[in-house]
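Line by line, the protein sequences give chains A and B.
If you're matching positions, the first sequence starts at 1 in my numbering and goes up one per residue.
If you're matching positions, the second sequence starts at 1001 in my numbering and goes up one per residue.
Check each hint, because a few of them may be wrong.
[As the list claims (entries may be wrong)] Once the Cα atoms are required to be at most 20 angstroms apart in a straight line, the calculated PhoX-like pairs of lysine-lysine come out as:
1. B:K1143 with B:K1118
2. B:K1346 with B:K1304
3. B:K1354 with A:K43
4. B:K1135 with A:K82
5. A:K82 with B:K1071
6. B:K1135 with B:K1071
7. B:K1135 with A:K29
8. A:K98 with B:K1035
[Unchecked claim] Footprint (simulated), chain A over chain B, 3 or more residues, beta carbon under 8 angstroms:
9. 1078 to 1092
10. 1103 to 1112
11. 1318 to 1325
12. 1365 to 1379
13. 1383 to 1393
[Stated by the list, open to error] Example chain B residues on the side facing chain A (calculated, C-beta under 10 angstroms, incomplete):
14. N1266
15. Q1290
16. Q1447
Note that these hints are calculated values from the structure, not bench results.
As the structure is a computational prediction, the values presented were derived from the model and not from experiment.
Beta carbons are placed, not taken as given, at the ideal position from N, Cα and C, and that holds for glycine.
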Amino acid sequence: MKRVACVSVVLSALAVLASPVRAADMTGKEIFDHYCTYCHGSKDGPGTMQLGRTRGKGQALLTERTNLTADYIEYVVRHGLKSMPPFAPSDLTDAKLKALAAFLAKK
Amino acid sequence: MAEPLPPGVNAAQMADALERFRKVVGGDWVFAGEKVGSYYDPYTIPNDAERYKAHAAIAPASTEQVQEIVKIANESRVPLWTVSRGKNFAYGGAAPVLSGSVVLDLSRMNRILEVNEKFGYALVEPGVSYFDLYKYIQERGLKLWLDVPDPGWGSVVGNALDHGVGYTPYGDHFGMQCGMEVVLANGEVVRTGMGAMPGNNTWQLFKYGFGPYVDGMFSQSNFGIVTKMGIWLMPEPAGYRPYLITFPREEDIEQVVEIVRPLKLNNVIQNAATIRSLVLDAALFTTRSQYYSGAGPIPPSVAKQIMADQDIGMWNFCGALYGPKPVTDALWTAIRDSFATIPGAKFYFPEDRKHRPDILIHRADTMKGIPKLTEFGFLNWNGGGGHVGFSPVSPTTGQDAIKQFKMVSGRVREAGFDYMGLMAIGFRELHHVTVIVYDQTQPQERQKLHELFGRLVREAAAEGYGEYRTHIHYMDTIAGTYSWNDHALLKMHQTIKDALDPNGVLSPGKSGIWPKHLREGRKS
């Protein structure tokens, strides 16, 4: 990384050097916001719309569901379900998945 | 079911290699057994369950670890299948062409190494997603815009390497890359362009360096593993005005494209605009069952109903104006006056759209580089979840556009699917991307899709149309259509492959390029 640092100093005071983009410790809510909200966070999201059609409007938003178990969430996230692809453990780690499942199962 | 082994590697040899991989990256980052399931193609096409199955996956955190992994792969002859983030879902996701390969998952290499506002570029690792880079820029208030494809969770590096496209004036992603770092099959690290000169400060500013320009060799290829890449970013413009123009008849596409060509060549249409078909747009926020319960494609009467309900056309042209108001006003006048010659054309700005959700409101975000996943609402159209893209390239002429539209929509509808197509506008060509949405849970439907896809490829090739990108299931097929002079290009690719990767451990079969020991017995 010597070269990157060198370029930054030489080229521009506006250049911004970075650190890792993911926090090591995230809450279940933060994990949901980071990984799930684009499809499941709003009523117009593709995941919300799919669940609304297949399970009814009251079951469309994941954060409003009351019938989700942690085991089920973990299974679907790792294996996918119809349109939803699986999430690999390299990105959504086992520890994060457990925190996410606990967050959604408590709702 | 036990995970498959690659040719020539037995279970003990694979176990030994995985153990050595664990010593490089740590035991938590080698995934085998049930954990490898998340690397399968989620929208599988073949009915043979053994196809495209990884044996394991490994997730390094640094270029140095990638070097070590490649050395072990060479010694053990275990093939690696490299993915940046593995989100290339319409084209196989993270799944390898060669079953038994170990997926080299670069998701953990997710550092944003530099974002330079003065010159407008970023230097990133392959695990950085569009969401990541967008968030980084927003948090720091930098006056830069990304160009994003539809999958915001995809890799900035991976999408460019696979020749993905977006929607701003920077829509040609590989065209906007500048400077790479690549790990070769022998473990050596190369920096391309100006990056090859120690102490140079233009790696992300000037592409070509000195001597042969090699960056293209590492796109859609298996000649090396890209571990860093520069990508140019658009300075935030002084003004932004997205628009939608709708056209009422399918045959309008001929005149629309004739109008597009001079406007695009002269930069009056500034961005990578798209012309989308009715069902593709309708499917974002509604389902087929809301309009039609019969078998086969929707009939014309239903199409008219959808157009009226959603205030969209049989074709919908989404574009945007960028720059100071006097400039965008002048551009809009030229665009509006050109398309107004088509009977029934309607013109909209966001404030004109009454329904919510709405396609222009949604695309107003993507055309200014806000990453999303909204576009994948179309997967809900028939509820089956599967989708694959058929993507021939065509000259920007009305004659070609209507010919391709008739060829593809005719076959798609004959097979019982709805036509969901778009024409992405390049400077001189169109990517005619037809998404075929199918019920992946039904073996018969997958077989029907496969027969349809083969027919589409053959018929397009017979007319001189080639695909720019494809699913892992069709890489050999598509490579076979680029056959001029007895497959001279493929033979050259094979020569390069054999020279750079003599043991054939990097992504065998990618883009139809197989290493020597796996070529024999295969059709070209």
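message = Closer than 8 angstroms Cβ to Cβ for three or more residues is the test here. Does the segment 1318 to 1325 of chain B pass it with chain A?
response = violated (count 0)
request  = Starting from K98 of chain A, check that the Cα of K1035 of chain B is at most 20 angstroms away, please.
outcome  = 15 angstroms, holds
request  = State whether the coverage of the segment 1383 to 1393 of chain B by chain A holds or is violated, taking the criterion as 3 or more residues with Cβ-Cβ distances under 8 angstroms.
outcome  = holds (count 3)
inquiry  = Would the hint linking K1135 of chain B and K1071 of chain B be met if the CA-CA limit is 20 angstroms?
reply    = Roughly 36 angstroms separates the two Cα atoms, so the pair is violated.
key: K1135 of chain B paired with K29 of chain A [C-alpha distance capped at 20 angstroms]   = 18 angstroms, holds
query = Is K1143 of chain B close enough to K1118 of chain B, meaning Cα to Cα at most 20 angstroms?
reply = Distance of about 9 angstroms is within 20 angstroms: holds.
Coverage of the segment 1103 to 1112 of chain B by chain A, judged on three or more residues with CB within 8 angstroms = With 6 residues closer than 8 angstroms to chain A, the segment 1103 to 1112 of chain B meets the three-residue bar; holds.
query = Regarding the hint that N1266 of chain B lies at the interface with chain A, is the smallest CB-CB distance below 10 angstroms?
reply = Since the shortest Cβ distance to chain A is 33 angstroms, the answer is violated.
8 angstroms C-beta criterion, at least three residues: is the segment 1078 to 1092 of chain B covered by chain A = The restraint on the segment 1078 to 1092 of chain B holds, since 4 of its residues have a Cβ under 8 angstroms from chain A and three suffice.
request  = Go through the hint on Q1447 of chain B and say holds or violated, using the shortest Cβ distance to chain A against 10 angstroms.
outcome  = 19 angstroms, violated
ask   = Is the hinted pair K1135 of chain B and K82 of chain A satisfied, with a Cα-Cα distance of at most 20 angstroms?
value = 29 angstroms, violated
inquiry  = So if I understand the rule, the pair passes when the alpha-carbon distance is 20 angstroms or less; does K82 of chain A with K1071 of chain B pass?
reply    = 38 angstroms, violated
Hints 4, 5, 6, 11, 14, 16 from the earlier list are contradicted by this structure; the remaining hints agree with it.
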